[in-house]
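Start from the sequences, fold in the hints, and give me the full structure.
Chains as they are written, first to last, in this note's numbering: chain A, 30 to 465; chain B, 30 to 465.
Keep in mind that the hints are not guaranteed to be accurate.
Chain A stretches covered by chain B per the calculated footprint, using a threshold of three residues with CB under 8 angstroms from any CB of chain B [as the list claims (entries may be wrong)]:
id	segment
1	61-68
2	152-164
3	278-289
Since the hints were made in silico from the structure, they are not lab data.
Small disclaimer: the values here were computed from a predicted structure and weren't measured.
Think of the CB as a built atom: it goes at the ideal place given N, C-alpha and C, for glycine as much as any other residue.
Number of protein chains: 2
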Amino acid sequence: MREFKTLRGMRDFLPRDMIKRERILRIIRKIFESYGFEPLETPAIEYWEVLSRKCGEEVKKQIFKFKDKGGRDVGLRFDLTVPFARVVAQNPYLPKPFKRYCISRVWRYERPQTGRYREFWQADADIAGSPLPDADAEVIAVGVDALKALGLDNIEVRLNNRKILEGMAVKAGVPGDKILDAFRSIDKLDKIGLEGVLEELSSKGIPKEVSEKLLEFISISGENMEVLERVRSLLRGSKVGEEGINELISILDILEAYDARKYVKIDLSIVRGLDYYTGPIFEYVLKESPSGKQFRLAIAGGGRYDNLIELYGGPHVPATGVSLGVERIMEVLEGSISEEETLTKVYVVPAKEEVRLETIKIAQKLRRENIPTDVDLMRRKLDKSLEYADKKGIPYVIIVGPRDLKEGFIVLRDMKTRLQEKIEVPKVIEVIKEKL
Amino acid sequence: MREFKTLRGMRDFLPRDMIKRERILRIIRKIFESYGFEPLETPAIEYWEVLSRKCGEEVKKQIFKFKDKGGRDVGLRFDLTVPFARVVAQNPYLPKPFKRYCISRVWRYERPQTGRYREFWQADADIAGSPLPDADAEVIAVGVDALKALGLDNIEVRLNNRKILEGMAVKAGVPGDKILDAFRSIDKLDKIGLEGVLEELSSKGIPKEVSEKLLEFISISGENMEVLERVRSLLRGSKVGEEGINELISILDILEAYDARKYVKIDLSIVRGLDYYTGPIFEYVLKESPSGKQFRLAIAGGGRYDNLIELYGGPHVPATGVSLGVERIMEVLEGSISEEETLTKVYVVPAKEEVRLETIKIAQKLRRENIPTDVDLMRRKLDKSLEYADKKGIPYVIIVGPRDLKEGFIVLRDMKTRLQEKIEVPKVIEVIKEKL
Numbered sequence: 030m031r032e033f034k035t036l037r038g039m040r041d042f043l044p045r046d047m048i049k050r051e052r053i054l055r056i057i058r059k060i061f062e063s064y065g066f067e068p069l070e071t072p073a074i075e076y077w078e079v080l081s082r083k084c085g086e087e088v089k090k091q092i093f094k095f096k097d098k099g100g101r102d103v104g105l106r107f108d109l110t111v112p113f114a115r116v117v118a119q120n121p122y123l124p125k126p127f128k129r130y131c132i133s134r135v136w137r138y139e140r141p142q143t144g145r146y147r148e149f150w151q152a153d154a155d156i157a158g159s160p161l162p163d164a165d166a167e168v169i170a171v172g173v174d175a176l177k178a179l180g181l182d183n184i185e186v187r188l189n190n191r192k193i194l195e196g197m198a199v200k201a202g203v204p205g206d207k208i209l210d211a212f213r214s215i216d217k218l219d220k221i222g223l224e225g226v227l228e229e230l231s232s233k234g235i236p237k238e239v240s241e242k243l244l245e246f247i248s249i250s251g252e253n254m255e256v257l258e259r260v261r262s263l264l265r266g267s268k269v270g271e272e273g274i275n276e277l278i279s280i281l282d283i284l285e286a287y288d289a290r291k292y293v294k295i296d297l298s299i300v301r302g303l304d305y306y307t308g309p310i311f312e313y314v315l316k317e318s319p320s321g322k323q324f325r326l327a328i329a330g331g332g333r334y335d336n337l338i339e340l341y342g343g344p345h346v347p348a349t350g351v352s353l354g355v356e357r358i359m360e361v362l363e364g365s366i367s368e369e370e371t372l373t374k375v376y377v378v379p380a381k382e383e384v385r386l387e388t389i390k391i392a393q394k395l396r397r398e399n400i401p402t403d404v405d406l407m408r409r410k411l412d413k414s415l416e417y418a419d420k421k422g423i424p425y426v427i428i429v430g431p432r433d434l435k436e437g438f439i440v441l442r443d444m445k446t447r448l449q450e451k452i453e454v455p456k457v458i459e460v461i462k463e464k465l
Numbered sequence: 030m031r032e033f034k035t036l037r038g039m040r041d042f043l044p045r046d047m048i049k050r051e052r053i054l055r056i057i058r059k060i061f062e063s064y065g066f067e068p069l070e071t072p073a074i075e076y077w078e079v080l081s082r083k084c085g086e087e088v089k090k091q092i093f094k095f096k097d098k099g100g101r102d103v104g105l106r107f108d109l110t111v112p113f114a115r116v117v118a119q120n121p122y123l124p125k126p127f128k129r130y131c132i133s134r135v136w137r138y139e140r141p142q143t144g145r146y147r148e149f150w151q152a153d154a155d156i157a158g159s160p161l162p163d164a165d166a167e168v169i170a171v172g173v174d175a176l177k178a179l180g181l182d183n184i185e186v187r188l189n190n191r192k193i194l195e196g197m198a199v200k201a202g203v204p205g206d207k208i209l210d211a212f213r214s215i216d217k218l219d220k221i222g223l224e225g226v227l228e229e230l231s232s233k234g235i236p237k238e239v240s241e242k243l244l245e246f247i248s249i250s251g252e253n254m255e256v257l258e259r260v261r262s263l264l265r266g267s268k269v270g271e272e273g274i275n276e277l278i279s280i281l282d283i284l285e286a287y288d289a290r291k292y293v294k295i296d297l298s299i300v301r302g303l304d305y306y307t308g309p310i311f312e313y314v315l316k317e318s319p320s321g322k323q324f325r326l327a328i329a330g331g332g333r334y335d336n337l338i339e340l341y342g343g344p345h346v347p348a349t350g351v352s353l354g355v356e357r358i359m360e361v362l363e364g365s366i367s368e369e370e371t372l373t374k375v376y377v378v379p380a381k382e383e384v385r386l387e388t389i390k391i392a393q394k395l396r397r398e399n400i401p402t403d404v405d406l407m408r409r410k411l412d413k414s415l416e417y418a419d420k421k422g423i424p425y426v427i428i429v430g431p432r433d434l435k436e437g438f439i440v441l442r443d444m445k446t447r448l449q450e451k452i453e454v455p456k457v458i459e460v461i462k463e464k465l
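Rendered as structure tokens:
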């Protein structure tokens, strides 16, 4: 017999996982909405031209690309930013700033590994229309608040600016057409180490002394304002570099009002993998995960992309945004959120066949009160039904007996304590609501 | 300049549409959960072998099929039933009955037309493990309740049984290997008319007198029990036919307890397009849509598929389910649900630049109380900010002035009445909560 299964790197979410995921996504959604972000959805499939426009070579190779039946080159979206940029370009009448959130799935053909899948969810909040650090601060803050609402307050936001990186690259002597290349290599610092990056830069034709100077720049560390002032003196005369420094200082000042400045650490080695970033960029890392498990990868990130929207035929619309990695968040929360097999609270079963239809009537009453209620659909004997409720983890069972019912009662069984009590039928809802 | 847009038959959902959709999907989800269905998700992409197993030739042609980078034949799911069947087959340890719901997107390459898209959402509730009419009645009832909760109580559930259709086809003289073919043609009755169906049946090699007999069968109409008794006498001796009739009678009896029998009409012409159905099948049609717009197509449907799960390598697990067509429901609800451009309730703006950071602090307080709140991210003048709030439809604006603030006040402006009132800062949340 053939084996039918999910594709490599893709997963089914059974109820146990889904209940947990939904709870987490609901928290993120609430925070996004509290900040005035509005929901927006786009198709899973986009024209290849849209997807490949500004994603960078690495990601381009990972796109699920195919031809549709009309012979068009299309692909599955690899992030939620590119579709957002296309929407803003296509709908120029939208009032600005346009703040949207989207919690949805994306696809990348990567080598599957722990916490990395070929189908995964992102939770994004973006602002189109504001060129100001006010907008960058807002998206950084909404990310911080979402993670805090999930119990992840042990975070650090590593903040940098593509403009500073560009200024440094020019100062170091990287040729203008090699700057993006250099960024891509530096982005791998965590993965391939200093030696690896040096090698890659050299293979890209960047002289060793230039690379070393660049790596020296990005390893400058210290207290936020110290680092920025040191970089300022090093980049003196670089207009783009100065701009980048001033933007970060403004962002830090504004984040004070959000009560989020304390989470931010200037980190000049942050690059972000995608080609479309143009200004402030940031990553959220856990200092320690709640389960004690160390998790060095960023659980969220984002940045400013001022030129992407006009690439899709729109006017010039500056934009900035944050993206939470749902799978990584799920992983670091593993064990720290309660696990449930079922949402169902009550199971209504007949003690005798003759009152089976009565169990449905009682269940319907509970359902109308939004109490998740199940009935026996297998015509099982009572003991088997109790076994099923037990296995599923349903906390309460209502047992309907013909004689009880005639007297106007049912029996409510608490599956944890195994205690049973007789309850008047009209009081059932009230009693159960109290217990839940 | 190239034009970047969505693919034909696919749509962006801007906030206005998404807010409406989310509201509708939340109602459906609530009803599904109240009936004890648990959430489950599966990947958008499945192996071609899984998708093509039992969908029928028509649908097979509509699947977005492609090769992934590993050279595997894969495709986008065209419904939520097939992935559900695969999951149940792959996880035989799941306690039975296993009740799951899934509200998610599916893809079919069809000719786009009003209410029909190439990417669309379905809202499904299925029960695996029960062979009994109790389960069929439960899924029919949850569909009725979901539609009623959406305000669609003017519905009719057209109920039939594949077993009755099979009995009739055999009685009429349709050769065994042509029965599924005959069903597929009858399924088009609404689209191509009686003559069209006769022609198609003839082209499939079914003699005219056989076809006519079959069409005579399926046009039997009248009061539910009358129809079933008439069919019983016509099918006397057909074991499968008798079984089908008895199942429908049981379902009707059980639906009485759900208070849903009154919505059900036996309709022998209902076939359902997919090959995997084996027993009771049903469609929900609107007698009249709330907007007065006539809408003849089914807005939901479902049925029993007892052999699908074992086709995916699982044990024999009988199953039944209902699927709500989200796009069609959206369409019939058009105009009857309130339209909102925004979820945001409050816009906090400074009267003078010097108190800008103070507006953020006030906004943060409201956000922590789950009041969707926006702040000015454009550093606009007050009148421009009020214009923006107006355009977006944000109902309240908080204006923060330096002098007011020093005295411990802010100004709350009702954007509809244009009335402004001074409020003490510590009372802002209380006052706004009262108004919302």
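Hint check results:
1. 61-68: holds (count 6)
2. 152-164: Three-residue rule met by the segment 152-164 of chain A, so holds; n is 6.
3. 278-289: This one holds; 6 residues, not fewer than the three required, reach chain B with a Cβ under 8 angstroms.
Checked against the numbered hints above, the structure breaks none of them.
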